[in-house]
Amino acid sequence: MAAGDFLSNVELISPSEFAKGKILAVQNYVLLCGQAMANLFRRPLYVADIIQQADFIGWGSISIIVLAGFFTGAVLAQNSASTLERFGSVSLIGQLVSVGMVRQLGPVITGLMVAGRNASGIASELGSMKVTEQIDAMRALGTDPTKKLVTPRVVATVIMLFFLTIIADLFGIVGGSMVAILMLGLDSHQYWTSSWQVLQNADVITGLIQPVFYGFVISTIGCYYGMTAKGGTQGVGRGTTQAVVVSSVLIVVIDFFLTRVLSIVLVYR
Amino acid sequence: MLAGQRAESSGPVVVFENVVLAFEDKPVLDGVSFSVSHGETKALFGIAGSGKSSILKLALGLIRPDAGRIQVLGHDITEMSEDELLALRDRIGMIFQESALFDSLTVRDNVAFRLMEEGKVSEEEIERRVREALSFVELEHTIDRRPAELSGGMRRRVAIARAIITQPELLLYDSPTGGLDPVTSTTIVELIVKQRDVYKTSALLVSHRLQDAFTMATHYFDRQTNKMSSLPAGSKRELPVTFLVIRDGKVIFDGDAQQLASSKDDYIREYIS
Numbered sequence: 000m001a002a003g004d005f006l007s008n009v010e011l012i013s014p015s016e017f018a019k020g021k022i023l024a025v026q027n028y029v030l031l032c033g034q035a036m037a038n039l040f041r042r043p044l045y046v047a048d049i050i051q052q053a054d055f056i057g058w059g060s061i062s063i064i065v066l067a068g069f070f071t072g073a074v075l076a077q078n079s080a081s082t083l084e085r086f087g088s089v090s091l092i093g094q095l096v097s098v099g100m101v102r103q104l105g106p107v108i109t110g111l112m113v114a115g116r117n118a119s120g121i122a123s124e125l126g127s128m129k130v131t132e133q134i135d136a137m138r139a140l141g142t143d144p145t146k147k148l149v150t151p152r153v154v155a156t157v158i159m160l161f162f163l164t165i166i167a168d169l170f171g172i173v174g175g176s177m178v179a180i181l182m183l184g185l186d187s188h189q190y191w192t193s194s195w196q197v198l199q200n201a202d203v204i205t206g207l208i209q210p211v212f213y214g215f216v217i218s219t220i221g222c223y224y225g226m227t228a229k230g231g232t233q234g235v236g237r238g239t240t241q242a243v244v245v246s247s248v249l250i251v252v253i254d255f256f257l258t259r260v261l262s263i264v265l266v267y268r
Numbered sequence: 000m001l002a003g004q005r006a007e008s009s010g011p012v013v014v015f016e017n018v019v020l021a022f023e024d025k026p027v028l029d030g031v032s033f034s035v036s037h038g039e040t041k042a043l044f045g046i047a048g049s050g051k052s053s054i055l056k057l058a059l060g061l062i063r064p065d066a067g068r069i070q071v072l073g074h075d076i077t078e079m080s081e082d083e084l085l086a087l088r089d090r091i092g093m094i095f096q097e098s099a100l101f102d103s104l105t106v107r108d109n110v111a112f113r114l115m116e117e118g119k120v121s122e123e124e125i126e127r128r129v130r131e132a133l134s135f136v137e138l139e140h141t142i143d144r145r146p147a148e149l150s151g152g153m154r155r156r157v158a159i160a161r162a163i164i165t166q167p168e169l170l171l172y173d174s175p176t177g178g179l180d181p182v183t184s185t186t187i188v189e190l191i192v193k194q195r196d197v198y199k200t201s202a203l204l205v206s207h208r209l210q211d212a213f214t215m216a217t218h219y220f221d222r223q224t225n226k227m228s229s230l231p232a233g234s235k236r237e238l239p240v241t242f243l244v245i246r247d248g249k250v251i252f253d254g255d256a257q258q259l260a261s262s263k264d265d266y267i268r269e270y271i272s
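Residue numbers (numbering that gives the first Met the number 0), protein chains in the order written: chain W, 0 to 268; chain Y, 0 to 272.
Keep in mind that the hints were calculated from the coordinates and are not lab data.
Any given hint might turn out to be false.
As the list claims (entries may be wrong) - Cut-off 25 Å, straight-line C-alpha distance, at most; resulting in silico cross-link-like pairs (PhoX-like, lysine-lysine):
(1) Y/Lys-199 <-> Y/Lys-226
(2) W/Lys-19 <-> Y/Lys-226
(3) W/Lys-21 <-> Y/Lys-193
(4) Y/Lys-249 <-> Y/Lys-263
(5) W/Lys-147 <-> W/Lys-229
(6) Y/Lys-193 <-> Y/Lys-226
(7) W/Lys-229 <-> W/Lys-19
(8) Y/Lys-25 <-> W/Lys-229
(9) Y/Lys-249 <-> Y/Lys-25
(10) W/Lys-147 <-> W/Lys-19
(11) Y/Lys-119 <-> W/Lys-147
Start from the sequences and build out the full structure, keeping to the hints where you can.
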């Protein structure tokens, strides 16, 4: 009986309606991204809001980035140690951790952490404003909400993610050094020298271009789901969850394609 | 005429011509036509979901009609760009149903929001005008508080202060007394009457409470006593309050209180009984 009641309340959508809805969502997202970028060349530019968001996104995320980076590097060193030991190449741990963190893990882990913390924060804040008509009130008071709310968040997230990634990379290498020196008994000078020397320009460029894309995705996805929230608190909750899920998935997908493109462009050896 | 210029006092401030609006294929407004004259307060009534709040959002350009034309303060806003509408909204104030105050800002920053965004006025002048607007709604003492610390009625009054700080020519009220107790509702109605009679502001008002609109139609703001007073019996003074009743997306009544009270339409008689 309960299953029947449930099924009778389920609203079926035709595949064409479903597809139209998704295409419309993508269209609206692209328009929002375009507006956010165009606002950089239009006045006013809300510099105070950018700084405020940078403080919240950057400084507010630093503790989780330090922890995530440190333990990611430590786990990477720990897991690769047993494999390297079989080949008598434990001394290469510094290089492995360094390249792994700088080229891939640092940007991706940072992106996922910030997506979880800030995509949700942005979506819930803007979503709450949307369902309580504060966005409409802003328009009624002569202020463009994309200029005041969206663009500062996009700029702040892109800039801060760049620096947070560098911090994650550094603490990842520190975490690897803890394992290498304290647990495996490697020489610290050798570890740090090899970590530094192995890095090529291509590794650093790859590792620092990714946060720009991830920051843009995290902030625009969060803003999109916030600005389109409806249905009261339930709608805000749904939008917040979707913002985290979609931005996290996009980070992983973009990582694959971006790394591939950069490896061709930068010609890895 | 540029958006920054004030409208002439003779023409209507709002004109709706055969406006049609639908949400997800569900019709809300079906050929609605009416006008609001300078200094007039038009009260909109209808059952829930009849499109009253949508009329206010259409008048402000927050949503676009599917058909028809809308003129506000002498400008056809139907095809206006968002940038042009942002400039025109400087002359319009809106009070939202749940106040829509920015909860991360203080009362001062909420009321001063438009002035701070424009950046044309000094800090001292902003402070002066904020205090003036808050004293109009008798809430100057809340200037440093946040919206969460205020009662529903106080938030509604702060929303009025925020809307009137630039002395707009047109005010849009979306259920200004909705969810409030009778005493607080009377306070809000008194502020609306005060704004109408002291500043001669035109208004479109959505309400679920007929008694509020009838109060506005039979009371005036007495500047000597600084209170709302009822018109003496037999007074020939006409207060500029009209009523618009919407049913099934169409206007079924547009007239004054006397015409509404003497209407022979069964729906209207049932609505006002």
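Results of checking the hints against the structure:
1. Restraint check for Y/Lys-199 and Y/Lys-226: the C-alpha separation of about 16 Å stays at or below 25 Å, so the hint holds.
2. Using a Cα cut-off of 25 Å, the hinted pair W/Lys-19 and Y/Lys-226 is violated, with the two alpha carbons roughly 57 Å apart.
3. With a CA separation close to 50 Å, the supplied pair W/Lys-21 and Y/Lys-193 exceeds the 25 Å bound.
4. Straight-line distance between C-alpha atoms of Y/Lys-249 and Y/Lys-263 comes to about 18 Å, which keeps the hinted pair within the 25 Å bound.
5. Under the criterion of a C-alpha separation no larger than 25 Å, the hint pairing W/Lys-147 with W/Lys-229 is consistent with the structure, at around 20 Å.
6. Between Y/Lys-193 and Y/Lys-226, the direct Cα distance comes to roughly 8 Å. Compliance with the 25 Å bound is thereby established for this hinted pair.
7. Taken as a hint, the W/Lys-229 and W/Lys-19 pair is honoured in the structure, with Cα atoms around 19 Å apart against an allowance of 25 Å.
8. Only pairs whose Cα atoms come within 25 Å are accepted, and Y/Lys-25 paired with W/Lys-229 is accepted, the gap being roughly 18 Å.
9. Of the pairs offered as hints, the one joining Y/Lys-249 and Y/Lys-25 holds, with about 14 Å between alpha carbons and a cut-off of 25 Å not exceeded.
10. Distance hint between W/Lys-147 and W/Lys-19 is unfulfilled; the C-alpha atoms sit about 30 Å from each other, more than 25 Å.
11. For the hint linking Y/Lys-119 to W/Lys-147, the alpha-carbon distance of about 18 Å falls within 25 Å, and the restraint holds.
Figure legend: structure checked against the earlier numbered hints; hints not met, in rising order: 2, 3, 10.
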